[in-house]
Amino acid sequence: MTKKEWPLWEVFIRSKAGLNHKHVGSLRAADAHMAIENARDVYTRRSEGISIWVVESNNLVASDPSDADSLFEPADSKVYRHPTFYDVPDGISHM
Amino acid sequence: MNSLFEYVLRLGDDSLILGHRLSEWCGHGPILEEDIAMTNISLDLVGQATSLLGYAGELEGKGRDADALAFLRFDREYKNLLLVEQPNGDFGMTMMRQFFFDAYRKPLFEKLQHSSDKHLAAIAEKSLKETKYHLKHSSEWVIRLGDGTEESNARVQESLNTLWRYTNELFFTNEVDAELVEKGIVPTMQEIQNEWNATVTAVLNEATLTIPTNNWKQEGGRKGLHSEHLGYILAELQYMQRAYPNMQW
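Top line first, the protein sequences correspond to chains A and B. Position 81, counted from 1, in the first sequence is what the numbering used here calls 81; the numbers after and before it change by one each time, with no gaps. Counting from 1 along the second sequence, just add 1000 to a position and that's the residue number in the numbering used here.
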């Protein structure tokens, strides 16, 4: 008998209405249907969520860690991209 | 006889013994995800047992609580189905046993949630949500394994053949049921059996499995007459309370 692993799936959970789905981890499942059920059992057993997305890990395209210098470092010196140069008028809360 | 006590005890014992059986899979599941799924279902069932046996104790009115009923009775006093005490076997056997049970429990709780007995109705309503998921989980596995590889089909067909003889007892009735149906507290078993037949036929067909034509059936659990397996389950389940009476942790 050949030993074949089920494909890996990435799991995203929405913790409550209005919030975005967040990556919580991964699991193995034979197909999308089983992936949803396994995600329900593995990642929502302590009431962590109200909605689940799964995507087969193969389908994710990731940035190359060796490109991190050119991709992310240039942003470090662009402080003007943060909206920190404005005076917030009185009476505006939650800023 | 206190009919409602007897009826609630049956439900509670089914949940307790099947919950215990499933807990034996903890750490032994075929994959991590399924290990957790079975443990979740086990805990759902033990939770139901806590509510049901607690209520049974109240109905009995002799001061026994859920723990006293779970841990301090002898095998002949347990009224669970023979089906739920059968050994786990392989994963397919466990799923087939679960499927037969879930397909019976779902329509039963659907009816019981409208029971004129408010306490029983509330337990049924809460348990139904769990049971619906259990049924979805077990039916999908029966279909996957039946309509899977040659080996998985042969093995799960074997489990079906072995467990089929215990399915008739799901619909056991005696004077307890007659009295409670009369009072409008519980549904007739005929309704439950019709729905069970429909679910089981549909799922087993989709799973390309064959329903055994051998109609020899076995029953006894509802009367307290159990297979040898229950004794071993109780030995493990009751050991602590028997060895250290009233211990808590």
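No lab work stands behind these hints: they were computed from the structure. Fair warning: there could be bad hints in the mix.
Short, incomplete list of chain B residues facing chain A, as computed with Cβ under 8 Å [claimed, not checked]:
1. G1027
2. H1028
3. I1031
4. E1033
5. I1036
6. H1137
Virtual Cβ for every residue (Gly too), placed ideally from N, Cα, C.
So, going through the hints one by one against the coordinates:
1. A distance limit of 8 Å between C-beta atoms decides the matter here; for B:G1027 the minimum to chain A is near 15 Å, and the interface restraint is violated.
2. Checking B:H1028 against chain A by beta carbon gives a least distance of about 16 Å; that is not within 8 Å, so the hint is violated.
3. A least Cβ separation of about 6 Å between B:I1031 and chain A falls short of the 8 Å threshold, and the interface hint therefore holds.
4. Taking 8 Å as the C-beta contact cut-off toward chain A, the hint placing B:E1033 at the interface holds, the least distance being around 4 Å.
5. Hint status for B:I1036: holds, given a least beta-carbon distance of 5 Å to chain A, under 8 Å.
6. At about 6 Å, the closest approach between the beta carbon of B:H1137 and any beta carbon in chain A falls short of 8 Å, and the interface hint on this residue holds.
Comparing the model with each numbered hint stated earlier shows that hints 1 and 2 do not hold.
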